[in-house]
Amino acid sequence: MNNITVKKLIEKIEGEAELDFTFNQGEIEDVKINFGFYRGIEEILRGHDAWDALVITPRVCGICNHAHLLAAVRAIENGYENSGLKVNLTSKAKAIREFTLSCELIQNHIKWLYMTIFPHFEKFVGAVSEENYAMKATYLASTITKALAVFSGQWPHASYAIPGGVTCDPTHLDVMQAQSLVDESIKFFEEVVIGLSIDDYLAMESVSSFDKIQGDFGKLLRLMIVNDMGNKGYSHDRFIVFGESVLSKPGRSIITNVTNVDISCVIENEQKGTVSKAVTYKDKFYEVGPLARGMVAKTPIVRSLHKRFKDSVLSRVFARIHEVALLLDYSKSLLNKLQLDEPSCVLKSDVRLTDFDGIGTVEAARGSLIHKTTVRDGVITNYDIITPTQWNLGNSKAVDQGIAIEAMIGSSSIEEATFIFRTFDVCSVCTTQ
Amino acid sequence: MASQNKPKLLWLQSITCNGNTHSFLNHPDLFFILSHFEVVHHPVLDSSYSMEDVIAGIVPCDILILEGSFQEEGFLKSGVEVSSIIKHYANKAKHIISVGTCATFGGIFKQKNPEAISGFCFNAEEKTERYNAYASKLISLPGCPMHPKWLSYVLLMISGKKDIPIDNLHRPVELYGYTVHMGCTRNEYFEWKIDTKTFGLKEGCLFYETGCRGPYTRGSCNKILWNDINSKTRAGTPCFGCTEPNYPQESFFETKTNMGIPDKMPLGVSKRAYLTLTSVAKSFTIKRFSERLMEYDK
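For the protein sequence lines, the chains are D and X, in the order given.
Heads up: the first sequence begins at 1 in UniProt numbering, then just goes up one per residue.
Heads up: the second sequence begins at 1 in UniProt numbering, then just goes up one per residue.
Don't read these hints as lab results, they were simulated from the structure.
Misleading hints may appear alongside valid ones.
Partner residues aside, some chain X positions facing chain D, computed with beta carbon under 10 Å [unchecked claim]: (1) PHE37; (2) ALA135; (3) TRP226; (4) ASN230; (5) ARG234; (6) PHE289; (7) SER290; (8) GLU291; (9) MET294.
Once the Cα atoms are required to be at most 30 Å apart in a straight line, the calculated DSSO-like pairs of lysine-lysine come out as [said to hold, decoys possible]: (10) D:LYS348 x X:LYS6; (11) D:LYS136 x X:LYS223; (12) D:LYS348 x X:LYS264; (13) X:LYS112 x D:LYS94; (14) D:LYS272 x X:LYS112; (15) D:LYS123 x X:LYS6; (16) X:LYS264 x D:LYS337.
Glycine included, each C-beta is placed from N, C-alpha and C at the ideal position.
Could you put together the complete structure from these sequences and hints?
The following block contains the structure:
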């Protein structure tokens, strides 16, 4: 009887969401997450040429468009293979695709750190600084997307990955340009974000060495620990990964126990009062994203952090920024190993299968992204997109609370709960497609 | 902080993917450009008014930047029709800039419901009923997304109180007077009618077989490079015609042909002129164009 429901519009999350908070005796007891507008990309794709998904699906999202491109191209290649045409990408094409995806993750994570976490956390704890965080975010983000564009032609919204490989044919000069942009990004990351060398940073395996982290990330970690963020925002401690990447293999982790996954156990459900669909695995909600990848991959420092702070705000924030270091390092090694004399694309442009079913999975910035395409007579008859944020931001079901909702339950204020919400790197446009 | 004297900039989103927002964040001189304005609201940058203030209609606005397709009814924020929020600020503003093909012509999201969804002042090439009310202050920056420097050009022209020459669809002529084809590194292959044999090569033109719409698409992608470094066609990807009123069309990676002749001619070129030139160009075999641009270890 003492329940009070408060509505709150959350903005600057790649669109907006409306949250209904139900309080009971000063604590949040339940939350409903409502996303407003369905744009219908899946419907738009029906009737289009199979390859048109490479152009149309990136327009699901302005910040993770490249992940959609790669999920779309993998879905077509998987479909070709299911219909008997094996696509053996060259190591060059594979490396270029991984490089461009890594760049996109880096720009996303760094924008999130400086444009979402810093300003909102400082506001929440009353420690607002006069720093122009957005300038730091856009400097690193635009530098690394420039390296991305060396291969993809542009960012956002490139369509340079095609069945059989990539459209670009880079020279050593191009690769050197990309290398120096990555080196510049690493320099910025070392001097401004972590305040130590990336090698020293990556050598850390335990929370006990946290003191070494300086820079903005060090400042944030200390501010979070002081404000008890290692004890807030616990969810179900269940994680899942479907895409294969340097960050993690596919798998699921339940309280540190890692097992295999089967994509056919993924179910999408319509939800009342919101246009986004919730996603479950064997009827349970799982968290996706950097913390999930760190847990499934058993990344030592993430595991060490988790041992002490479980799936808290602190662990979630740390895991995402930690990926920036991993990916910068990885991007550099990809470029060093690039075999330019290999073909960029192994399929002739007129090789087109007309009937196939394919699934493409990608580890996008916010977690596992799945595209499923059904093509008959060369035309898309069905297309299904499951975005990472659908996993994390689904509303509760009778038996199970949604991931972000579970994390917000128990908060004593809307300010705290909305900050916890933002630590999931919310993307309204992806959730609603 | 003489911000009260600066023009007030409001960036408002309708049905969108945020692609134009993120495109603009790549601008190398972003904060210099924004320093000419007071950013009263922006989808991701910190700004002086909240979305709730915007919805309440209390935000001052001199320059309205519109991102996303327009729908008169059924798209709400906090229970308020976004169309009414847009019109409220469009009436107030001295300048309206539609960024991206969605806000300008309807774009990709128009395809979901072509009867109800359009651009703000244009529905593909047709003027909407709102056109007359806002035409005098409208600048169109189509593109999926628009290039960050296209927007900075318009913003700095406005802040410098200069007139922006525009065409009949309100696109600045200095940005859209070019075709995407101009400046493409594959131009020589176009001239001699040599298509790229397959994707993934730096040699060959993408117009004849592989879907490139550059020769009949307006935009300066190969003059003002993307991310200051590249363009789709330079990276071997066909131009998809994303700045055009009828974007998106179909079969992006294939050229529709009729008896071996591309269905759509380069901008302003008659079929007769094209065929005459083609038959001459094709009557010569030029060895250089059948070879790789560069050979390593030979």
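Tested hints:
The beta carbon of PHE37 (chain X) is not positioned within 10 Å of any beta carbon in chain D (closest approach about 15 Å), and the interface hint is therefore violated. The restraint placing ALA135 (chain X) at the interface with chain D is violated, with a minimum CB-CB distance near 28 Å, outside the 10 Å limit. With its C-beta approaching chain D no nearer than about 3 Å, TRP226 (chain X) sits inside the 10 Å limit, and its interface hint holds. Interface hint status for ASN230 (chain X): upheld, as the beta-carbon distance to the closest one in chain D is roughly 5 Å, under 10 Å.
For ARG234 (chain X), the interface hint holds, the least distance from its beta-carbon to any beta-carbon of chain D being 6 Å, beneath 10 Å. Of the supplied interface hints, the one on PHE289 (chain X) is violated, with its beta-carbon coming no nearer than about 16 Å to a beta-carbon of chain D, more than 10 Å. Nearest Cβ of chain D to the Cβ of SER290 (chain X): about 16 Å, over the 10 Å cut. The hint is violated. Residue-level restraint check for GLU291 (chain X) is violated (minimum Cβ-Cβ distance to chain D is 14 Å; threshold 10 Å).
For MET294 (chain X), the suggested interface contact is upheld, since its CB lies about 7 Å from the closest CB of chain D, less than 10 Å. Under the criterion of a C-alpha separation no larger than 30 Å, the hint pairing LYS348 (chain D) with LYS6 (chain X) is inconsistent with the structure, at around 55 Å. With a CA separation close to 28 Å, the supplied pair LYS136 (chain D) and LYS223 (chain X) stays within the 30 Å bound. Restraint check for LYS348 (chain D) and LYS264 (chain X): satisfied, since their Cα atoms lie roughly 24 Å apart, inside the 30 Å limit.
Our distance criterion of 30 Å between C-alpha atoms is broken by LYS112 (chain X) and LYS94 (chain D), whose separation comes to about 34 Å. Of the pairs offered as hints, the one joining LYS272 (chain D) and LYS112 (chain X) holds, with about 22 Å between alpha carbons and a cut-off of 30 Å not exceeded. Our distance criterion of 30 Å between C-alpha atoms is met by LYS123 (chain D) and LYS6 (chain X), whose separation comes to about 26 Å. With a C-alpha separation of about 42 Å, the suggested pair LYS264 (chain X) and LYS337 (chain D) falls outside the 30 Å cut-off, and the hint is violated.
Of the numbered hints listed earlier, those contradicted by the structure are 1, 2, 6, 7, 8, 10, 13, 16.
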